[in-house]
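> Fit chain C to the known structure of chain Y by using the hints.
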Amino acid sequence: MAKIILFTKQALAQVWHTILTKYYEVDLREDVREVTERVLDSPPDLLILELNEAPEEVRGLIATLKENLNLATLPVLLILSYGLEASDWEDLPIDDFFFEDATADEVLSRVHLAFKRIKRISDNNPLTGLPGNTSILRAIQQKLDRREKVAFCYVDLDHFKPFNDRYGFARGDEILRMVGRLISNTVFFHAEHEGFVGHIGGDDFVFICPQDKVETVAKEIIQNFDRIIPHFLDAEDLAKGYFEAQNRRGELELFPFPSISIAIVPNHSGRFKHYGEVAAVAAQVKKMAKKIPGSSYFIDRRKGPYRSY
Amino acid sequence: MSEIKIEIKKRLRNLQSLPTLPPVVSKLTKMFGNENTTAPQLAKIIERDQVLTSKVLKMVNSAFYGFPRRISTVSNAIVLLGFNVIRTLVITTSIFEMMQSGDLSLWEHSLGVAAASGILAQYLGLANPEEVTTAGLLHDLGKVVIRSEFPSLSQEISALVKQKKIFIREAEREILGGMDHSHIGQLLTNQWNLPERLTEPIAHHHEPSKSKKFFQETAVVHFADILIRAWGYGYSGDPWVPPLDEKAWEALGLRFQDLEEIIPLLDERILDLRFFTQEIRGEGFGQNNTLH
Chain Y
1 MAKIILFTKQ
11 ALAQVWHTIL
21 TKYYEVDLRE
31 DVREVTERVL
41 DSPPDLLILE
51 LNEAPEEVRG
61 LIATLKENLN
71 LATLPVLLIL
81 SYGLEASDWE
91 DLPIDDFFFE
101 DATADEVLSR
111 VHLAFKRIKR
121 ISDNNPLTGL
131 PGNTSILRAI
141 QQKLDRREKV
151 AFCYVDLDHF
161 KPFNDRYGFA
171 RGDEILRMVG
181 RLISNTVFFH
191 AEHEGFVGHI
201 GGDDFVFICP
211 QDKVETVAKE
221 IIQNFDRIIP
231 HFLDAEDLAK
241 GYFEAQNRRG
251 ELELFPFPSI
261 SIAIVPNHSG
271 RFKHYGEVAA
281 VAAQVKKMAK
291 KIPGSSYFID
301 RRKGPYRSY
Chain C
1 MSEIKIEIKK
11 RLRNLQSLPT
21 LPPVVSKLTK
31 MFGNENTTAP
41 QLAKIIERDQ
51 VLTSKVLKMV
61 NSAFYGFPRR
71 ISTVSNAIVL
81 LGFNVIRTLV
91 ITTSIFEMMQ
101 SGDLSLWEHS
111 LGVAAASGIL
121 AQYLGLANPE
131 EVTTAGLLHD
141 LGKVVIRSEF
151 PSLSQEISAL
161 VKQKKIFIRE
171 AEREILGGMD
181 HSHIGQLLTN
191 QWNLPERLTE
201 PIAHHHEPSK
211 SKKFFQETAV
221 VHFADILIRA
231 WGYGYSGDPW
241 VPPLDEKAWE
251 ALGLRFQDLE
261 EIIPLLDERI
271 LDLRFFTQEI
281 RGEGFGQNNT
291 LH
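Sequence order for the protein chains is Y and C. The opening residue of the first sequence carries number 1 in this note's numbering; numbering runs sequentially from there. The opening residue of the second sequence carries number 1 in this note's numbering; numbering runs sequentially from there.
None of these hints come from the bench; they were simulated from the model. There's no promise every hint is true.
Only pairs whose alpha carbons sit at most 25 Å apart, straight line, appear in this in silico BS3-like list of lysine-lysine [unchecked claim]: (1) Y:Lys161 x Y:Lys291; (2) Y:Lys161 x Y:Lys240; (3) Y:Lys240 x C:Lys212; (4) Y:Lys219 x C:Lys44.
So, partial list: chain Y residues that the calculated Cβ filter (under 7 Å) puts toward chain C [unchecked claim]: (5) Ser42; (6) Thr64; (7) Asp226; (8) Ile228; (9) Arg248.
Note that the coordinates shown come from a computational prediction; the quantities given were computed from them, not determined experimentally. The C-beta atom is built at its ideal place from N, Cα and C for all residues, glycine as well.
Pulled out of the complex, with its shape left as it was, chain Y reads as follows:
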């Protein structure tokens, strides 16, 4: 049964609670700190929050969920009061709202709908919760059209396939989740709203950040990746310093531990018109980055307009 946390002190709370519990597991709370703690402890499947009861905390919680925890797909409904302007939606990335006097039927319908809608519109990667290909293309194209001084960064892992072969997919998935978190946290810490992180699929990720911050971000991602990856390896391999797995020809081969490669393509003004051009250049740059053993980044220093080299 899907789990809902309902935060409100409205008189109607009991009425809403009663009808919702017919379909969902509902946790009704009146203390915003308790709500936050529970959400962080084990996030529910849907969240209903009364904005005016604790505006600052509610906004903070929503931002934390959507931006930092890759929980963009967690539907959030707000309970609004009359007379207060329904705020700036730009800063309040929620899915729906209802007013303080909503009937039980309305609340139930909105909750049902929120669950259905999130399934329909989300292109987020189910493993990492990060935006998928449609959102990535849109983000890149938007930066190109606006000629923003950003860099497009393509990330992938070295020796990830043999790693999956040796350790199994469950461990591989753990690493992909780790990489997703690592990139998001580093990019958003330095670039805040100017940053973007997406997951193409498998071990391929994309991030966008301002050009003047990209090297700091890339270095930090690499440093943190190299520090954390040993925790995902078995002690015996760590002691040896390598792992054994089958190569593409099916023979046993010795592999170094997974490392991370970042291909950086700065958006010099007017260089690219179309996201396809960015992807093509990124593929070349990635080859350079991957030639360097261990974790590394490589920046495309060419500034002229794009030609198919």
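For chain C alone, kept in the frame of chain Y given last:
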């Protein structure tokens, strides 16, 4: 199983969060207000509080976040959880309504053991000294649980220590139906999916020979505990220095000359810690009212 034991286990399963010292939380809240605060600076303060550290590690190792039993240090946890999540976590941490001198002394003891564990681990060339430091910091987490979840039993334990002049661990066993703080710490940190390299030293710091996979690390925390008690920094609940486990001592392989090198290192670290803990004591009780 005794009734009290059943009750304790039940309470542990439902335990939402542990309270911590108000000054540490307010110090961190101030740091969040400053735009220039970096993740390593934040880690440095969180690493000086066993409750906050355990909270951060509990979250990053929870099934939902996807890294059960993997992450054992605050700095790695911050990287994976992100700044805003850490902020939310700290802001929602409950604090001791009435901070007692004993809370501060236990906190100092834990900091001292953390420092000593780190220095020993580094000196002995163990793989990850930062991790052993964390294990040292958390070794008495069970005592915080007893203090905050069972306040009246906690008072009975203290009274028994004074009355019978026994180790706090023996008093705990008498009052808690055979359980002591190391069992409680073990149960809780296992329930939170913390890595075994942390749960083993927490569980067996009094009987290191029971540690199977991380004997060396457990032996380090065991000895660090003894060192700090003998040092007299902080107070862990009784005034005695527990016996040194022979096997652990052998495993560490330390000689007198080694200690001559280690002691000055620790002396320096503790001096450093005293500045910090005095500041926290001052904020907790007001400058003119420093307790001991």
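> Hint numbers the structure violates, sorted upward?
Numbers 7 and 9, in rising order.
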